[in-house]
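Heads up: the protein sequence lines correspond to chains Y and H, in order.
At position 202 of the first sequence (counting the first as 1) the number is 202 in this note's numbering, and the numbers step up by one without a gap.
At position 28 of the second sequence (counting the first as 1) the number is 28 in this note's numbering, and the numbers step up by one without a gap.
These aren't lab readings, by the way, just hints derived from the structure by calculation.
Only a predicted model underlies this, so the values are computations on that prediction, with no experimental measurement involved.
Keep in mind that a hint or two might mislead.
To be verified - DSBU-like cross-link-like pairs, simulated, lysine-lysine; straight-line CA separation at most 30 Å:
id	chain 1	residue 1	chain 2	residue 2
1	H	K28	Y	K4
2	Y	K28	H	K38
3	Y	K4	H	K4
4	H	K161	Y	K38
5	H	K20	Y	K38
6	H	K28	Y	K161
7	Y	K28	H	K161
8	H	K91	Y	K38
9	H	K20	Y	K20
10	Y	K28	H	K20
11	H	K91	Y	K161
Protein chains: 2
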Amino acid sequence: MKGKYYDISMEIAPDMAVYKNREELRPKINTYLNHSAKGVQQSAACLDLHTGTHIDMPLHIIANGADSTDFGVDSVCGPCRVIEIPDDIEKITEEVLKTKRIWAGEILLLKTKNSFSDGFSDDFAYLAASGAVYLAGEGARAVGTDGLGIERAQEGHPTHKILLGHGIPVIEGLRLADVPEGDYELLCLPLRIAGVEALPARAVLYPLKENQPKYKKTTCR
Amino acid sequence: MKGKYYDISMEIAPDMAVYKNREELRPKINTYLNHSAKGVQQSAACLDLHTGTHIDMPLHIIANGADSTDFGVDSVCGPCRVIEIPDDIEKITEEVLKTKRIWAGEILLLKTKNSFSDGFSDDFAYLAASGAVYLAGEGARAVGTDGLGIERAQEGHPTHKILLGHGIPVIEGLRLADVPEGDYELLCLPLRIAGVEALPARAVLYPLKENQPKYKKTTCR
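Just chain Y, with the same shape it has in the complex (with noise of 0.2 Å):
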């Protein structure tokens, strides 16, 4: 916990872990100003929209989807539960999930052993189509996983093209081995980028307030 907050984000570096382990996903910083010969120092940076934490907009995932343009902040600030899923599972179901209670409108972020890892494995935790489903069916309003991906090697990406189907944004990309299984308030903010797939965003969480609502406790069906 950094001060008030847990930052849940991805440190962007260079040498920070990539999809893949992909050598053209490294974020690439250039530092064209220094003190020395300027007085200050000014850089930019080269970064593949999917680096570190972001969220995937429908557009990354199914032709014609809304991109980023209208993108509502609302969906992925308030408040959120954090959802451990045992180290041995890397394959999250409605079977794992169902031994949650999921409320409609909870934003759910799944700790898994992808948190324990600064880099990059193949064999990375995901969530599969069937919790996919389950998760649009309960009414989630947003999920959030600490792989880079949120599946993998799926087939046309179903677990993607159901969440996003549904109006479901997509986080990927947190840190959460610091942070336990509970209630917190989250804040994630996107870059403002018009017209794109997907936005680098910076994720905290804060704990909820005392007396503060965690989520309304109802169910879709």
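Model the placement of chain H on the given structure of chain Y, informed by the hints.
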């Protein structure tokens, strides 16, 4: 207002306003995978770190000043006040600010004529060194402006040096045209890029909740 909040961030796009209209500062977005060829869309962006809405770190102007690595978002999230500066004032001095009552611990956002122009103009309104001394003396927690720079044509960048030297974050490139003067809750989250002199950020204003404290109405002196 968008839903429940004001989005006070500049939209990042290739044709956006950039400092002194320098072409090399324009963001570049490269969509390198698309649906027709690959069934997904994937893009990268090259951004000057001072693009649009961003937060300056001390290292921007102060040699060996603090960089972004340990920047805490608490200093730019919380109760804040939007202050309207009349359109005919380009130079915001101590005298101008004394007409407002500044309290210790306030986050102050300066709304000027800059908010009403989509382009960059050389005669943008700015905070003069005397205004920075005044705000630092009164104990401001952070200072934001709707200019792409918080000062202009001041030899040695005194406004930056005074504010950043007092540990007061400087938020540049806000968009306040739609926001009436008054008290709000500011959420401003920059990307978590390590080791740099500025951080692109998203900033939104929520109305204060009923009975929410605005800020501690105390003075530093």
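Outcome of the hint check:
1. H:K28 - Y:K4: violated, 36 Å
2. Y:K28 - H:K38: holds, 25 Å
3. Y:K4 - H:K4: Roughly 25 Å between the alpha carbons, so the hint for K4 of chain Y and K4 of chain H holds.
4. H:K161 - Y:K38: Measuring from Cα to Cα gives roughly 15 Å; hence the hint holds.
5. H:K20 - Y:K38: holds, 17 Å
6. H:K28 - Y:K161: Status holds; Cα separation ~28 Å.
7. Y:K28 - H:K161: Holds, because 28 Å separates the two Cα atoms, which is no more than 30 Å.
8. H:K91 - Y:K38: Measuring from Cα to Cα gives roughly 25 Å; hence the hint holds.
9. H:K20 - Y:K20: violated, 40 Å
10. Y:K28 - H:K20: Holds: K28 of chain Y and K20 of chain H sit about 25 Å apart, inside 30 Å.
11. H:K91 - Y:K161: Between K91 of chain H and K161 of chain Y the Cα gap is close to 52 Å, so the pair fails against 30 Å, i.e. violated.
Consistency with the previously given hints fails for numbers 1, 9, 11, ordered from lowest to highest.
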